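Counting from 1, position 54 in the sequence shown corresponds to residue 54 in my numbering; the numbering is continuous, with no gaps.
Just so you know, these hints were derived from the structure itself, not from any lab. All values derive from a computational prediction rather than experimental measurement. Just so you know, not all the hints are guaranteed correct.
What the hints assert, rightly or not - In silico EDC-like cross-links for lysine to aspartate or glutamate, where the CA-CA straight-line distance does not exceed 16 Å:
{"id": "1", "residue 1": "K62", "residue 2": "D96"}
{"id": "2", "residue 1": "K167", "residue 2": "E23"}
{"id": "3", "residue 1": "K95", "residue 2": "D110"}
{"id": "4", "residue 1": "K10", "residue 2": "E71"}
{"id": "5", "residue 1": "K170", "residue 2": "E181"}
{"id": "6", "residue 1": "K95", "residue 2": "E67"}
{"id": "7", "residue 1": "K27", "residue 2": "D163"}
{"id": "8", "residue 1": "K27", "residue 2": "E162"}
{"id": "9", "residue 1": "K62", "residue 2": "E72"}
{"id": "10", "residue 1": "K32", "residue 2": "D163"}
{"id": "11", "residue 1": "K95", "residue 2": "D11"}
{"id": "12", "residue 1": "K165", "residue 2": "E23"}
{"id": "13", "residue 1": "K10", "residue 2": "E67"}
{"id": "14", "residue 1": "K142", "residue 2": "D163"}
{"id": "15", "residue 1": "K64", "residue 2": "D96"}
{"id": "16", "residue 1": "K167", "residue 2": "D190"}
{"id": "17", "residue 1": "K32", "residue 2": "D110"}
{"id": "18", "residue 1": "K32", "residue 2": "D141"}
{"id": "19", "residue 1": "K170", "residue 2": "D11"}
{"id": "20", "residue 1": "K170", "residue 2": "D190"}
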Amino acid sequence: MAGRYRRLNKDFFLRSTINIAKELVGKIICRKWGNRTLMGMIVETEAYPGINDPASHTYIGKTKRNESMFEEGGIAYVYFTYGNHYCFNVVTGLKDKGSGVLIRGVEPLDGIDIMMNNRNVTDIYNLTNGPGKFAHAFGIDKNLNAADLLNGNDIFLLESEEDIKHKIAKSKRIGITKNTEKLYRFYIIDNPFVSGAGRAVFRKKNNDNSS
């Protein structure tokens with residue numbers, strides 16, 4: 001992957017969860033896989049800003065399942081949902097705030113062959129365009145819950161040293177039934193790896209090629 005990158009520092013994770021969710025869009029997520037590194041650009045996130053958000057796992061208070069979210073920002077919160085996939089979150093804010101950012105979509109950059117093998121798919125637009133798909137492609141499971149994103153090597157986040165601008169939109173969060181009016185979802189406009197967008201792009205590409 002071309003360009004110069006640096007790790008996100010601790011201060012990045014100790015600010016407003018809403019701002020972090022927006023600013024994580026365009027950052028690079030890296031996952032060590034043997035002697036390889038899977039890499040992708042985050043293209044879609046959702047903010048869950050703490051214990052006062054009825055849509056957040058932490059709204060009910062601290063439990064064994066969600067205790068990682070009550071730690072200081074800069075670690076991972078991984079949970080199993082719908083009985084079939086994991087979701088990966090970045091914990092934000094001060095200790096006991098219970099806030100975090102869900103990574104919903106990633107544009108694959110490096111290690112795509114491994115991602116496809118992990119998911120048993122060959123359609124790149126259906127590879128990481130959703131929180132469960134991304135987690136599966138990157139081999140994310142409960143073993144990464146509470147992983148150190150600042151100093152650990154299993155999974156971590158990078159930012160470009162160049163000033164790269166993306167056109168970012170915001171919307172209501174997806175798949176929740178409470179606090180639905182908040183515009184806490186952020187995504188890169190027209191990126192095919194935003195959840196729900198990939199299939200339409202893939203069909204259009206095939207139709208264009210066949211005409």
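Against the structure, the hints:
| no. | hint | verdict |
| --- | --- | --- |
| 1 | K62 with D96 | holds (9 Å) |
| 2 | K167 with E23 | holds (12 Å) |
| 3 | K95 with D110 | violated (33 Å) |
| 4 | K10 with E71 | holds (13 Å) |
| 5 | K170 with E181 | holds (12 Å) |
| 6 | K95 with E67 | holds (11 Å) |
| 7 | K27 with D163 | holds (12 Å) |
| 8 | K27 with E162 | holds (12 Å) |
| 9 | K62 with E72 | holds (14 Å) |
| 10 | K32 with D163 | violated (26 Å) |
| 11 | K95 with D11 | holds (13 Å) |
| 12 | K165 with E23 | holds (11 Å) |
| 13 | K10 with E67 | violated (20 Å) |
| 14 | K142 with D163 | violated (34 Å) |
| 15 | K64 with D96 | holds (14 Å) |
| 16 | K167 with D190 | holds (9 Å) |
| 17 | K32 with D110 | holds (11 Å) |
| 18 | K32 with D141 | holds (13 Å) |
| 19 | K170 with D11 | violated (24 Å) |
| 20 | K170 with D190 | holds (13 Å) |
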